[in-house]
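Peer 1: Each of the two chains sits in its own frame; use the hints to bring them together as a complex.
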Amino acid sequence: DAGVTQSPTHLIKTRGQQVTLRCSPISGHKSVSWYQQVLGQGPQFIFQYYEKEERGRGNFPDRFSARQFPNYSSELNVNALLLGDSALYLCASSLWTSGMREQYFGPGTRLTVT
Amino acid sequence: DAKTTQPTSMDCAEGRAANLPCNHSTISGNEYVYWYRQIHSQGPQYIIHGLKNNETNEMASLIITEDRKSSTLILPHATLRDTAVYYCIVRVEGSSYKLIFGSGTRLLVRP
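Note that the protein sequences, when read in sequence, are chains Z and B.
So for the first sequence, the numbering used here puts the first residue at 2; every next one is plus one.
So for the second sequence, the numbering used here puts the first residue at 602; every next one is plus one.
Okay, chain B solo, but in the shape it has when bound (with noise of 0.2 Å):
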C-alpha cells in the first residue's frame, strides 16, 4: 500500500470550511484513498473514499487530483465536534485485509 504525508496539525474557525490534505505520490492505479477520523479516546471512523473522481456524503468531500497523487478532504461547516485526528490511507479494494494508519493531522475547530 502506498505511503501518505499530512500535515502534523491544523486548525479551522468553527463555520468555515476544513481542508485537509494528502499527498500519496507514490499511489497506482488501482489503489483507494481512504479517510478516517479518531476523536479523543474513541476508536476510528469511516469518513469517506475513492479512486478517481470526487466523492461526497453526508459527512465530508473528497477531491483528489486528476494525476491522483494528492487529495483533500473537505469538512464544508466545521463544528467543534470534528475535532479529530484525520487519517489518510491508500489502499488496494478487494485485497488488502488491514489498514496503514499514518499519524495523521490532528485538526482543532476554533469557537
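Bound-form chain Z, shown alone (with noise of 0.2 Å):
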C-alpha cells in the first residue's frame, strides 16, 4: 500500500506570493494533520482535519489556511508568504482524530521563500 504522498516535492516562491500544499492520506485513513519544521527545530503543528472538519488548530497567524475533500486528501495554503514560511511542510494521516495511536508521515514539500 502506498504511504502518505505529498506535492509538489520542492517549491521556491517569493514574498508575497501564495502557495498550496497537498496531501493524499494512506488509503482509510480520514485524518490528516499538517506540520511545519524549520531547519534545526522539531516538527510544529499547523492543522488537523478529520471527515472533512477542521480539528484542532495550532498557534499559526490566519494567513495558513487548509481544508480536507470527500475522498480525504488535504491542501494547506499559505498566503502573504513570509521569508520566515521557509520550511519543510509534512503531512501526516491517521485512523481516527483522537483515538489515534500512529501518525504515518509523509516525505514533505520543501518551501523555500525567497
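Warning: the hint list may mix true and false statements.
What the hints assert, rightly or not - Label pairs and their computed distance ranges (CB to CB): (1) Glu103(Z) with Asn631(B): 12 to 22 Å; (2) Thr21(Z) with Pro608(B): 30 to 40 Å; (3) Gly17(Z) with His678(B): 20 to 30 Å; (4) Pro712(B) with Thr21(Z): 41 to 51 Å; (5) Val39(Z) with Arg682(B): 19 to 29 Å; (6) Val693(B) with Gly41(Z): 26 to 36 Å; (7) Thr627(B) with Ile13(Z): 33 to 43 Å; (8) Gly703(B) with Leu83(Z): 32 to 42 Å; (9) Ser74(Z) with Gln646(B): 34 to 44 Å; (10) Gly85(Z) with Lys604(B): 17 to 27 Å.
Bear in mind the hints are in silico, worked out from the structure with no lab data behind them.
Each residue gets a CB set at the ideal place from its N, CA and C atoms; glycine is no exception.
Peer 2: Below, the structure is given as C-alpha cells:
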C-alpha cells in the first residue's frame, strides 16, 4: 500500500506570493494533520482535519488555511508568504482524530521563500 | 501535554545497543510516552509507545521507570540506518490530536 504522498516535493516562491501544498493520506485514513518544520527544530503542529472538518489548529496566523476533500486528501494554503515561512511542511495521516496512536508522515514539501 | 527533556546528541557503534534517555518528570497518570524518529530529509516515523509497562516491538524496546518520570528507548543492535533524530513525546491517549515535538536527540551510529 502507498504511504502518505505530498506534492510538490520542492518549490520556491517569493515574498508576498501564495502557495498551495497537497497531501494524500493512506487509503482508509480519514484524519490528516499538517506540521511545519523549520531547519534545526522539531515539527510544529498547524492543523488537523477529520472527516472534512477542522478538529485542531496550532498557533499559526490566519495566513495559513487548509481544507480536506471528500476523498480525505488535503490542501494547505499559505498567503502573503514571508521569509520565515521557509520550512519543510509535513502531512500526517491516521485512522482517527482523537483515538489515534500512530501518525504516518509523508516525505514533506520543502518550501523556500526568497 | 507534559514536557520532555532529551540529550541533544549521542553516538554509538554499529551493532551495539543504543540507549536513548528521556525525562518527563511532570507526566500525569493518563499520559503515554511515544517515540518517533526522523531520518534526514524524511518525515517522522513512529517507533513505539507505552504507558507504564515496558514495551517491545520489531524496531525497539521502551523501558519506563516505575515512577514514570523517565524512559529509555533501546535499539538493540544499531545499524547505520538508525542514524536519525529521535523524539520523545508524551500525550494523553485518545484526547490529544496533535504531537508536540521537542528538539529530540540526534543519534549518530558509527561504523
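Peer 1: Cβ-Cβ distance between Gly703(B) and Leu83(Z): within 32 to 42 Å?
Peer 2: violated (25 Å)
Peer 1: So does Gly85(Z) sit 17 to 27 Å from Lys604(B), Cβ to Cβ?
Peer 2: Once the Cβ atoms are compared, 24 Å apart, the range 17 to 27 Å for Lys604(B) and Gly85(Z) holds.
Peer 1: May I ask you to test the hint 41 to 51 Å on the CB atoms belonging to Pro712(B) and Thr21(Z)?
Peer 2: holds (43 Å)
Peer 1: I want to verify a distance hint. Is the separation of the beta carbons of Glu103(Z) and Asn631(B) within 12 to 22 Å?
Peer 2: Since Glu103(Z) and Asn631(B) have Cβ atoms about 18 Å apart, the given range 12 to 22 Å holds.
Peer 1: Go ahead and decide if the range 33 to 43 Å is satisfied by the Cβ distance of Thr627(B) to Ile13(Z).
Peer 2: holds (42 Å)
Peer 1: Between Ser74(Z) and Gln646(B), does the C-beta distance stay in 34 to 44 Å?
Peer 2: At 21 Å between Cβs, range violated.
Peer 1: Given the hint of 19 to 29 Å, check if Val39(Z) and Arg682(B) actually sit that far apart at their C-beta atoms.
Peer 2: holds (25 Å)
Peer 1: Assuming the hint says 20 to 30 Å, is it satisfied by the Cβ distance from Gly17(Z) to His678(B) or not?
Peer 2: Check failed, 51 Å falls outside 20 to 30 Å.
Peer 1: Honestly, do Val693(B) and Gly41(Z) meet the 26 to 36 Å range at C-beta?
Peer 2: Holds - the Cβ-Cβ distance for Val693(B) and Gly41(Z), about 28 Å, lies within 26 to 36 Å.
Peer 1: So does Thr21(Z) sit 30 to 40 Å from Pro608(B), Cβ to Cβ?
Peer 2: holds (39 Å)
The structure does not agree with the numbered hints 3, 8, 9 stated previously, though it agrees with the rest.
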